[in-house]
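Chemist: Residues per chain, in single letters:
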Amino acid sequence: MTQPVLSVRDLRVEFVTRRGILKAIDGISFDIAKGEVLGVVGESGAGKSVTGSAVIGLIDPPGRIAGGEVLLSGMRIDNLPPEEMRRVRGKRIGMIFQDPLTSLNPLYRVSEQLIETIRTHTNLSASGARKRAIDLLAEVGIPAPERRIDSYPHEFSGGMRQRVVIALALCAEPELIIADEPTTALDVSVQAQIISLLKRLGREHGTAIMLVTHDMGVIAETADRVAVMYAGRIAEIGPVRDVVQNPLHPYAKGLMGAIPSLESDTDRLVQIPGSMPRLSAIPPGCPFNPRCPYVFDRCRVERPEPIQHSEHRVACHLYDQSSAPSEAVA
Amino acid sequence: MFAFVIRRALQAIGVLLAVGIISFAMFRFAGDPVNQIVSLDTPAAEREQVRRSLGLDDPVPVQFARYLARAVQGEFGVSYQFRQPVSDLLAERMPATLELAFCATLFAIGFGVLMGVYSGLKRDSFLAKVFQTISLIGISLPTFLIGILLIYLFSVILGWLPSFGRGDTVRLGWWSTGLLTASGWKALIMPSITLGLFQMTLIMRIVRAEMLEVLRTDYIKFARARGLSTRAIHFGHALKNTLVPVITIVGLQFGSVIAFAIITETVFQWPGMGLLFVQAVQNVDIPIMAAYLMLVALIFVLINLAVDILYTIVDPRLRTSIRQPA
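These protein sequence lines are chains G and E, in that order.
For the first sequence, our numbering assigns the number -17 to the initial residue and increments by one for each residue that follows.
For the second sequence, our numbering assigns the number 20 to the initial residue and increments by one for each residue that follows.
These are calculated hints, taken from the structure and not from any lab test.
These numbers were taken from a predicted model, which means no experiment stands behind them.
There's no promise every hint is true.
Claimed, not checked - Chain E regions said to be covered by chain G (calculated; three or more residues, Cβ under 8 Å): (1) 229 to 238; (2) 248 to 256; (3) 327 to 335.
Glycine residues also receive a C-beta, built at the ideal position from the N, C-alpha and C atoms.
Could you build all of it, start to finish, from the sequences and the hints given here?
Modeler: Pasting the structure below:
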């Protein structure tokens, strides 16, 4: 098997606060292969965005990486000195943020921002960088790029600005793109365009994409594999088809049950009772145990480790053959 | 853009007219001008003749119109105490004040922006806390006290710098400058610091607050995610976004620096317009006071106009909104 582009091993992220240390990410592991799209879903506060920031090395204090490893094409990057990490950012990992209206510096022309980024990471001359910038804008689908390139961000619509943001993330042909809720701030019709753009770019350049979102529809459309996060841990990870149609983890089941479907005639959507625990009050054992309909004694004391189950990996005691009450797995 | 400038210019004319009325009113209500000119034992007939010859028997609106017409041509009458045209007196004193105000503002911008950026970026460092303390002193100590303290330290104790005057000046046409001689420069240091200290602390505090604000924005995070150098992010992307409020303050303060150089000029016996104004107040020299009022108003109005135009250069979003007024 070829080496994965991104490999995260037992990553832990902590926030040091006055009231103690909060574990935002508590030991997660996953790989993303070349050209693969990994969707990361979960409720707000599950640690999706923090995972993305941790990979690119942009966790703001008081947050810090407390343990584990991040490997980019086999090279460890979580412990690089700041200046070397800066050179990895933008060049080997691109990042796309949620709100295209605020991601671009309002005082600089799009051309200035593109050329600055290109020249930071390559040896291109000013005119060469400009040519590349125009090509990039054309590639992300901006009409008449040679004319539009000298516009200011406020002269573009939201969807066009997100295309510019994507072009900026692509400047140095990174191996990995982290897209943090790239469509949340956009109109539904524009969302579909941006998603198909991301998919196409990933396919054509062989870029690995980590797609962070809480929109299951986007994941189902785009991702090859999906990781379901809950309270700073990965509850379940597997091929997107399997996880959507046949989720194993009770939380994933609840999440998929909350997707309205046009085919089946459901009156009420399934809800997961309760809400995700705050970081300061994560229960012992499995963090999902207070909300889980299948909870049994072991869940309250022992933290479940990820278990391989067909093509999924799931962190749930129900699937541990040695312990699960046999009647529980439906 | 053109329409915008015209609109602003019309507003400026409105402001100047209002100030003109006030300065004209000073002549009317600060005693009878004829009494200021003639001696106590002048016969009444002669007084009437003076009054007629000066046009003071015309209706007030006519006099006001005449006053404005002369003011536009730079004629503000003759100083009571110096018996010279006020415009000559002001022109003679103006270079001193403008040079002082210019150096003070440069000092304020240079140090204010540097210290502000530094304490915005490293707000927990020791030096940043020192800057904060200095700024507190600069804001709370009155100007004359700072001037006197500087004189005491550098002129009386150390004897490095002159305590008063402009030093040697060189005439370039009608402009006399102290910037071309060593003694002129030495004389300029302390008044500039005294005059600029308050502005410097103000600029520093604003730049610091704005930097903290801007560094939290998404576009700075995105710039970091693109791997731009720290230098480019801090001084290109962040600093430029702090400039709009800084320009406002610097612009308005430059007007104040000129107008309120009075105190600094008095402390350092700086031969500028402020000192002239103080003498005029002491001697009820109304033509000088009126002209000074008009001049300061004109400077404020021009600076405001310049600030508005500068905004549009810094922030492209304002250009669009000016082109298509909402």
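Chemist: Going through the numbered hints above, which ones does this structure break? Give me the numbers in ascending order.
Modeler: Those not satisfied: there are none.
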